[in-house]
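A.B. asks: Position chain B against the provided structure of chain A, taking the given hints into account.
Residue numbers (this note's numbering), protein chains in the order written: chain A, 329 to 423; chain B, 8 to 491.
No lab work stands behind these hints, which were simulated from the structure alone.
As the structure is a computational prediction, the values presented were derived from the model and not from experiment.
Certain hints may be false.
Here's a subset of chain A near chain B, in silico, CB distances under 8 Å, partners left out [to be verified]:
id, residue
1, 360
2, 362
3, 389
4, 392
5, 422
The following residues of chain B were derived to be distant from chain A, with all beta-carbon distances above 12 Å [to be verified]:
id, residue
6, 36
7, 269
8, 297
9, 398
10, 480
Computed footprint of chain A on chain B, listed as stretches where at least three residues anywhere in the stretch have a Cβ under 8 Å from a Cβ of chain A [unchecked claim]:
id, segment
11, 134-143
12, 238-252
13, 304-314
14, 319-333
15, 342-349
16, 373-381
17, 446-456
C-beta atoms are modelled at their ideal positions from N, C-alpha and C, and glycine is treated no differently.
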Amino acid sequence: MALDKNTVDQIATLARLSVDADDNAAYQDELGQILALVDQLDAAATGDVAPLAHPLELTARLRADEVSETDQRDAFQATAPAVASGYYLVPKVID
Amino acid sequence: MYLNTLVAQARALAAGEISSTELTRLHLDRCQQLDSRLNAIITLSAETALAQAEAADARRAAGQAGPLTGIPLLHKDIFCTQGVRTSCGSRMLDNFVAPYDATVVRRLQDAGMVMLGKTNMDEFAMGSSNETSYYGPVTNPWRAQTVPGGSSGGSAAAVAARLAAAATGTDTGGSIRQPAALCGITGIKPTYGRVSRYGMIAFASSLDQAGPMTRTAEDAALLLSAMSGFDPLDSTSIERDSEDYSAQLGDSLEGLTLGLPKEFFGAGLHPDVAAAIETAAAELEKLGARLKEITLPNSSLGIPAYYVVAPAEASSNLARFDGVRYGYRCADPADLQDLYCRSRSEGFGREVKRRIMIGTYALSSGYYDAYYLKAQQVRRLIRDDFQRAFEAVDVILGPTTPAPAFGLNEKTADPVSMYLNDIYTVTANLAGLPAMSLPAGFSGELPIGMHLIGNYFSEGRLLNVAHRYQQVTDWHERVPEGCE
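Okay, chain A solo, but in the shape it has when bound (with noise of 0.2 Å):
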């Protein structure tokens, strides 16, 4: 299935991705490609199969609930790009 230039920017703003007029092109190509290899699911006789999330059909495991992390937030934060006072930095938002 191609994809037009409107759908690949819509895609684009969904993902968080700057997509330039150059670019949109060649996704639209590529893209292209792919969606087509997938339409070949089309085929499967799925009818009522039901979907497989898992592998072993296991849900998630539950914990008690009790405290199991401790405050590391130094730690994380020293990977951050812009921090102040424990706190990340971004543009302004709210003016």
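C.D. replies: Just chain B now, kept in the frame of chain A:
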């Protein structure tokens, strides 16, 4: 000593023929000498390695050494290592030093192993040739200008070139087995949930599994026993104790039934690969196994289903890279949206962005049923095919890849032809089954891999079949020219 297997190195250490410090220096020197040609290593951590080696020697002197104590290994750069950069092959994490160790790293360190460094890989494990790495492609030690496979291409090339007896890898659609095949080494992807994913940077969470990459099945068994087992820190870890995989290696193959899926021997298979796998099957027959043709009718849907499930999960997992908490941040963002969009666009490479885009599309409103739901249904069909096959056979045998290693840049312009490299490997991930690749011949100077797939938790049986095969063949003992 660097030509020795892991088991032989363990024996030499135990006998006092060499210390861990000497062994580690030997391997660090070798990495420095040979890696300019291979580019298999992103970060060499010599200082840490020598400190760990010294500690291993002290542990041995105190009489507390285990079988792996003092042996050097390399970790794929997808595993978080406290204090040593973890890049995941991406510009996004070029400056990232994890504040904690992955469980795999921790377990092997607790066993006394020495980390030499971190291996090159396709960016965020997305690739089948190691060409998507921000740190440049890896060269296949068997032939220049040839890819090692991917995404664990650095680990495979390093083990093949004897930079280390062992390396860790991860496998989402074939990323341990395909490079193992292309580089002529042994690699196993365990049952989904067998090895903890904690601290292993997530690509597609319902498919990702870690495993060892070594020269022999005997080495892989030793390493897998130490890596696997329940981990409360990974919510998908299976509550099942680790096993001693070495114990079953010598078991007889009498009475074993090997299934050869007819779908794995059809059009598109290189004649040298087909011939090598048929010869290997005959060799296993001589060891007592019975061969049986089987069918896995939905195999051809594996790649299409994978290219929905894996990118969908990747688009969600990689949403965490936002330029705020860690990783790359663009210069002078105009506003918050610009910070997100430009940090991600500049930090991620082309293949990663392609997969995020495909995944985002597949999960977007109005398309979920047509893509993700459909792919998850097909996933069940594929799993049911395997379960039917395992009613009649014990282990499935086939080629790991359709052809031997291909040339650098040969497939980069055509993503779909690159994806088809994993045609035989992805179905084991979709079904969550254990599977491995081991050397089974050559096409010219390039290695050929044999693929074994087992039922859930049958890693011991797979390693047993591989070990018995390696006792009567010497493909795994061949050394690439210039690496002797």
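A.B. asks: Against this structure, judge whether each hint is valid.
C.D. replies: Tested hints:
For residue 360/A, the interface hint is violated, since its Cβ never comes within 8 Å of a Cβ in chain B; the closest pair sits about 10 Å apart. Checking residue 362/A against chain B by beta carbon gives a least distance of about 5 Å; that is within 8 Å, so the hint holds. With 8 Å as the threshold, the beta carbon of residue 389/A comes within range of chain B, its nearest partner Cβ sitting at about 6 Å, so the hint holds. With a cut of 8 Å, the hint placing residue 392/A at the interface with chain B is violated, because the nearest CB-to-CB distance is about 11 Å.
For residue 422/A, the interface hint is violated, the least distance from its beta-carbon to any beta-carbon of chain B being 10 Å, above 8 Å. With 12 Å as the threshold on Cβ separation, the claim that residue 36/B sits away from chain A holds: the shortest Cβ distance comes to roughly 32 Å. The beta carbon of residue 269/B is kept farther than 12 Å from every beta carbon of chain A, the shortest such distance being approximately 19 Å. Chain A leaves residue 297/B outside its interface by the beta-carbon criterion, the shortest separation being 28 Å against a cut-off of 12 Å.
The beta carbon of residue 398/B sits about 18 Å from the closest Cβ of chain A, which is more than 12 Å, so the claim that it is off the interface holds. Non-interface call for residue 480/B relative to chain A: holds, since the shortest CB-CB distance, roughly 32 Å, exceeds 12 Å. Counting residues of the segment 134-143 of chain B whose CB lies closer than 8 Å to any CB of chain A gives 0, which falls below the minimum of 3, so the coverage claim is violated. Look at the segment 238-252 of chain B against chain A: 5 of its residues bring a Cβ nearer than 8 Å to a Cβ of that chain, three or more, so the hint holds.
Coverage of a stretch by a chain is defined here by at least three residues with a beta carbon nearer than 8 Å to that chain's beta carbons; for the segment 304-314 of chain B and chain A the count is 7, and the condition holds. Restraint check on the segment 319-333 of chain B versus chain A: 7 residues with Cβ-Cβ distances below 8 Å, three needed, restraint holds. Remark: the segment 342-349 of chain B is confirmed as covered by chain A, as 8 of its residues place a Cβ nearer than 8 Å to a Cβ of that chain, reaching the required three. Three residues within the 8 Å Cβ limit are the bar, and the segment 373-381 of chain B against chain A gives 3, so the coverage statement holds.
Remark: the segment 446-456 of chain B is not confirmed as covered by chain A, as 0 of its residues place a Cβ nearer than 8 Å to a Cβ of that chain, below the required three.
Hint violations for this structure: numbers 1, 4, 5, 11 and 17, all remaining hints satisfied.
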